[in-house]
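Mind docking these for me? Both chains are given alone in their own frames, and the hints should help you get the complex.
Here is how the chains run, residue by residue.
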Amino acid sequence: MNAEEYRRPAPRLPAPQAKEWLAFSKRGVGGWAFLLHRLTGLVLVFYLFLHLAVLSALARGPQAYQAMLAFMDSPLIVALEVGLIATIAFHALNGIRLVLMGFGVGVRAHKALFWVAFVLAAGLTALAALAMF
Amino acid sequence: MRPKTQWLWQAFSGLLLVFLLALHLTVNHFAAGGLLTYEDIVAYLAQPWVRVLETLFLLTVTYHALAGVRGILLDLNLTTAAARRVTLGLTVLGVLICAYGLWLFTTL
Ligand code: HEM
Ligand code: HEM
Chain F
1 MNAEEYRRPA PRLPAPQAKE WLAFSKRGVG GWAFLLHRLT GLVLVFYLFL HLAVLSALAR
61 GPQAYQAMLA FMDSPLIVAL EVGLIATIAF HALNGIRLVL MGFGVGVRAH KALFWVAFVL
121 AAGLTALAAL AMF
Chain W
1 MRPKTQWLWQ AFSGLLLVFL LALHLTVNHF AAGGLLTYED IVAYLAQPWV RVLETLFLLT
61 VTYHALAGVR GILLDLNLTT AAARRVTLGL TVLGVLICAY GLWLFTTL
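First to last, the protein sequences are chains F and W.
1 is the number of the first residue of the first sequence in the working numbering; add one for each residue after it.
1 is the number of the first residue of the second sequence in the working numbering; add one for each residue after it.
With the rest of the complex left out, here is chain W (with noise of 0.2 Å):
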């Protein structure tokens, strides 16, 4: 991808964020007046809507993460061949973070 590309990627995942994250923390903290318990967490997940923003927003939040060190990671002066572990590395972190938090939607 050209650097062009990427920043635009970053923009548009970090806008989608905004209102991905300000739903989670408000549902999340804000709503039920503190932390929610374990059972209040499997009825907010029951709703099928609700497993969609959630898991968009899993999805969104490790992308813009992870492209964001790999942007701060290419600053440093590397090789072409050092960027490339980089980021087959951080590809690997993501797809494996996602996969953890899918699996853990399927134990609620």
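Next comes chain F alone, as it looks inside the complex (with noise of 0.2 Å):
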């Protein structure tokens, strides 16, 4: 490998394609799949940090993390904690069938086990909902 091929840089996408899976016009069913896995992706890593956060209060000591669960009894954040729910079922379910999908499984059939995905992942939040409320 000569030097000028070795600092060539990686092929890019071409600049359209970059921002193109924010985009809301011409989705089709699989369009808005990604779309919808990717910002829930997005939101349970958002999570994750706030979650690891509030923990910080279990290593000050039982007190300290009393206190955090009494804020947490309240109903705003029982009904953020039932869409979290929603956001982790969809997430999941969605994710098989992606797994699916890459090895080939029921290609065909993708459109119709994304609602699969979605009403399953929509019937489980509702479970949820009523285990908790």
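The set of hints was computed from the structure by calculation and includes no laboratory data.
In this text, a Cβ means the ideal position worked out from N, Cα and C, and glycines have one as well.
Selected chain W positions facing chain F (Cβ under 10 Å, derived; list incomplete):
no., residue
1, Val42
2, His64
3, Ile72
This is the structure we're talking about:
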């Protein structure tokens, strides 16, 4: 490999493609599934950071932790937790669908499988909400 | 790593998370009919196999989350140098998160 070849940058996506994942027009079911999977993934990353930060109360001992729990015991937080369950349920079930697709399983039924994942996620969320409220 | 290998690890860690996260949510949220008290958590984590599973969960979820963020950032048309900085930054962040999580376990 000569020096010039070595310095050549890796091929990049053409500029318009880079932001395409956020575009709202001309999206099929697969496009919406992709966007939802990405957004739920980012929400879960945000939650992970928040969760670990809040858990630092554990290190400050039982009183600090009980105070944190008392704060968490509010309808608003429980509602947010139901939202969290919905986010996890969709990301997990659609994630399983994506793994199946990746291995070529059920590719022709990918739209139907998206709705299966979506409805199952909604059902699981409803059950969790019933258990939590 | 080649993109295909990266996707396989994302898929594998995702499937592992189905079980670990389901366990985590069931035990920490639903089993005791609500949030656990401090004493409940200490007793729960005193079981050796629970430590192993919760530690595996911490490492897996941190990997999956940050590898996912990396994939999204690499979609943004980055130069090779910028992509390297992203990988380095997220790796350091991941190590810090895991170190913090493991330290948190030792305080209980
Ligand atoms: C519960 C089980 C989970 C499963 C089965 C799962 C599955 C997957 C799969 C298969 C992908 C790759 C999608 C693709 O490009 O084909 C993915 C991406 C991702 N996941 Fe998960 N995941 C799970 C949990 C989580 C959690 C807990 C987080 C965050 C803390 C997370 C964050 C992400 C992110 C940020 C991406 C990147 C999305 C993108 O590139 O568009 N996932 N997940
Ligand atoms: C509302 C649902 C949740 C509740 C009530 C909950 C509660 C807890 C509690 C009480 C702990 C400390 C004890 C232990 O390690 O088991 C903990 C730790 C942890 N949780 Fe959650 N959690 C929830 C959801 C999640 C989600 C969605 C994630 C991932 C995105 C997550 C990731 C973690 C991790 C990685 C730890 C280990 C932290 C450490 O190293 O000490 N949790 N959670």
